[in-house]
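Engineer: Keeping their order, the protein sequence lines are chains A and B.
Sequential numbering of the first sequence, starting at 1, is according to the working numbering.
Sequential numbering of the second sequence, starting at 1, is according to the working numbering.
Read the hints as simulated data drawn from the structure, not as lab findings.
One thing to keep in mind: the hints can contain errors.
[Said to hold, decoys possible] Below, in silico cross-link-like pairs of lysine-lysine (BS3-like), each with a Cα-Cα straight-line distance of 27 Å or less:
id	chain 1	residue 1	chain 2	residue 2
1	B	Lys152	A	Lys82
2	A	Lys80	B	Lys426
3	A	Lys9	B	Lys426
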Amino acid sequence: MINFRKYPKKLFWRLYYVCLVISLILDFYWLYTHMFHYHFSFQHIPQFFALFGLLGCMLLILIAKGMGFFIVVDEDYYQKRKEESN
Amino acid sequence: MNSWIHPGLVIFLGGFLIPFIPWKRAKQIYFLALPLAGFIIILMTYKGIFGDIPAWPGSLHKWNIPFLQYTLDIGRINKLSILFGFVYVTAAFCMNIYALKVKNDWEHVVAMIYVGSALGAIFSGDLFTLFFSLEIMSWAPFFLLLFRGTKKSRGAAFRYIIWHHVSGLCILTGVLIHLHQTGSIEFTHMPWGWGTKYFGSHLILLGFVINSATTPFHAWLSDTYSEASPSGSVYMTAFTTKTAIFCLITTFSGVPLLMWMGAIQSVFALFLAVLENDGRRLCSYHIISQIGYMVAGIGMGTHMGINGAASHALCHIIYNALLYMGAGCVLVVAGTAKFDRLGGLYKYMPIAFWLYMIGGFSISGFPLFNGFISKAMTIEAAELIQHPVIYLLLEGATVGTFLHTGLKLPWNMWLQGRDEPHPDIKAKLKDSAFNTPKHMLVGMSILAFLCIFLGVYPKILYDMLPYPVEYVPFTVTRVFSITQLFIFSFLGFWLLRKLVKGHPSYVLDTDWPFRVLGEKLMNFCKSSLPAFGDALDQRMMKFSSYVIQKLKSPHIELRMTPLTVGDGVFIILILLSVFLVLNI
Numbered sequence: 001m002i003n004f005r006k007y008p009k010k011l012f013w014r015l016y017y018v019c020l021v022i023s024l025i026l027d028f029y030w031l032y033t034h035m036f037h038y039h040f041s042f043q044h045i046p047q048f049f050a051l052f053g054l055l056g057c058m059l060l061i062l063i064a065k066g067m068g069f070f071i072v073v074d075e076d077y078y079q080k081r082k083e084e085s086n
Numbered sequence: 001m002n003s004w005i006h007p008g009l010v011i012f013l014g015g016f017l018i019p020f021i022p023w024k025r026a027k028q029i030y031f032l033a034l035p036l037a038g039f040i041i042i043l044m045t046y047k048g049i050f051g052d053i054p055a056w057p058g059s060l061h062k063w064n065i066p067f068l069q070y071t072l073d074i075g076r077i078n079k080l081s082i083l084f085g086f087v088y089v090t091a092a093f094c095m096n097i098y099a100l101k102v103k104n105d106w107e108h109v110v111a112m113i114y115v116g117s118a119l120g121a122i123f124s125g126d127l128f129t130l131f132f133s134l135e136i137m138s139w140a141p142f143f144l145l146l147f148r149g150t151k152k153s154r155g156a157a158f159r160y161i162i163w164h165h166v167s168g169l170c171i172l173t174g175v176l177i178h179l180h181q182t183g184s185i186e187f188t189h190m191p192w193g194w195g196t197k198y199f200g201s202h203l204i205l206l207g208f209v210i211n212s213a214t215t216p217f218h219a220w221l222s223d224t225y226s227e228a229s230p231s232g233s234v235y236m237t238a239f240t241t242k243t244a245i246f247c248l249i250t251t252f253s254g255v256p257l258l259m260w261m262g263a264i265q266s267v268f269a270l271f272l273a274v275l276e277n278d279g280r281r282l283c284s285y286h287i288i289s290q291i292g293y294m295v296a297g298i299g300m301g302t303h304m305g306i307n308g309a310a311s312h313a314l315c316h317i318i319y320n321a322l323l324y325m326g327a328g329c330v331l332v333v334a335g336t337a338k339f340d341r342l343g344g345l346y347k348y349m350p351i352a353f354w355l356y357m358i359g360g361f362s363i364s365g366f367p368l369f370n371g372f373i374s375k376a377m378t379i380e381a382a383e384l385i386q387h388p389v390i391y392l393l394l395e396g397a398t399v400g401t402f403l404h405t406g407l408k409l410p411w412n413m414w415l416q417g418r419d420e421p422h423p424d425i426k427a428k429l430k431d432s433a434f435n436t437p438k439h440m441l442v443g444m445s446i447l448a449f450l451c452i453f454l455g456v457y458p459k460i461l462y463d464m465l466p467y468p469v470e471y472v473p474f475t476v477t478r479v480f481s482i483t484q485l486f487i488f489s490f491l492g493f494w495l496l497r498k499l500v501k502g503h504p505s506y507v508l509d510t511d512w513p514f515r516v517l518g519e520k521l522m523n524f525c526k527s528s529l530p531a532f533g534d535a536l537d538q539r540m541m542k543f544s545s546y547v548i549q550k551l552k553s554p555h556i557e558l559r560m561t562p563l564t565v566g567d568g569v570f571i572i573l574i575l576l577s578v579f580l581v582l583n584i
């Protein structure tokens, strides 16, 4: 038995994986038993919110990183511009 | 009992006495008593002591003052203004506790002017009083920024005031055109359309849109809020943008343009937040993103949309002040809020971390936190009007919000997988878990309590909303879908966590063209314009000396022939006939 007080990270990860698996199972079960009251047809896709969360998060980071090539500049960008123009 | 007292005026005028109280403890008690006095007046008003408040949009009118041929309605009380009033004074109380140890008394005075004028705006029933209150309100953050005393904050202060003067001018011009067209100065729902006859409304909307930091006019917020002092920035998070939201609910609910602007804004700000390296700038982008929900709800115009916007504005004031306080604590303790220099602070300030996390869970919309009971209402409003694109944008923004405020910011500031901070920051810390000043933790604790209290007992908020609430937040569908969304967002974050690490950088925003153009204009005024002026001066001098020389010439009398005089008479004749023909 692991001493979780000593290793809180392990406790966190085990709890996380349990929640992840439970959410996957519950989604299938409640979708099958018509527990959900959705308004759009695409919400009825099995594991829609899991996919939306995972892909949405990853896409957000990747697209933003792509935008970063154009809009990320030095920390003192405006100060430097000012000094150069002076 | 009919003699109502304006809570804004009490706080506004009361604030000026702060520097003249000689005893430190009495000064602190007085500083905390001001928002409490406001709270008591608003509570008495809510309880009907000054008269019953009719159902929305009906109002109770107090303090009508004649002005020219109009009547100024300084004390218009309705359900929405009471709701905003309650949250303004409650938030101000917590912010005052947070700012209790600030040594500059005038910072306290300015903060109270800010709160007082914000209350003045939400209790105003006519456009003149509203404009006047908004103008006073725009100066308070200017001074809060100046009081930080850094070169950057001075620049930010001037940029702030320029933006708000532009918005103020738009509102004033719009109000005058509206007055000319309708003859009314009532602060109520404005006519809306795309023709030129709605030009007044367009200008007023533009003014409110700038004030509420709606995309593409949002950049002033992230630029300036992060430059104020830790306590000053906390005040700035609450009042300007939320007052603009109040104005938009009152005047432009149901304008579809706002729905689209809000939904796009809620996602757009998140892309910029991914790249951000400064904790307080990241929080600023989340103010912008959350305002997107409110603006979208207002644009939908349905009862649920309006209720969602109003409740989200209130919950937002509470949790966002908490987030800013958390980031401000790190700035005070570690001396920086930049991600590339932080991490490993958890051991030294765990209470601030957990209080911040309550704000992080709230803004993300976790069930049992206050963000859930308000944000989900706006998302459901988008579902009810059957608008899948708006729905997906707003739901997508929920993912991004959790990614940043629930994961990226706490990870980068307190954790980063390290047990110890950088040596230069560690040198500033005491070797204990209590590095955060106590008064800051007290202010944060009250807000954290409110986040959870409203999250588990939303009825108290729902009962105060303008329209009757038919929304049930805790359904299996809503709770399960949002929980699953967060579980998998975390997975996405963990897989790509190295990409969201901080690097010393600056993210350009939509104010880039304005700042570059402004810079060019300044350069033109500094160098090209004086050179042009000098050249013009020289030419004029040359020309005048040439004329003087010619006049002094002895040959000039010879040239004054009758023929020349005749030419002059001829020209005068032609001019007179033109005047006659044109009948001028």
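Engineer: Evaluate each hint against the coordinates.
Structural biologist: Hint by hint, here is what the structure shows:
Restraint check: the Cα-Cα separation between Lys152/B and Lys82/A comes to about 13 Å, which is no more than 27 Å; the hinted pair holds. With a C-alpha separation of about 31 Å, the suggested pairing of Lys80/A with Lys426/B is violated against the 27 Å cut-off. Taking the CA atoms of Lys9/A and Lys426/B, the gap is near 23 Å; set against the 27 Å cutoff, the hint holds.
Hint compliance for this structure: hint 2 alone is broken.
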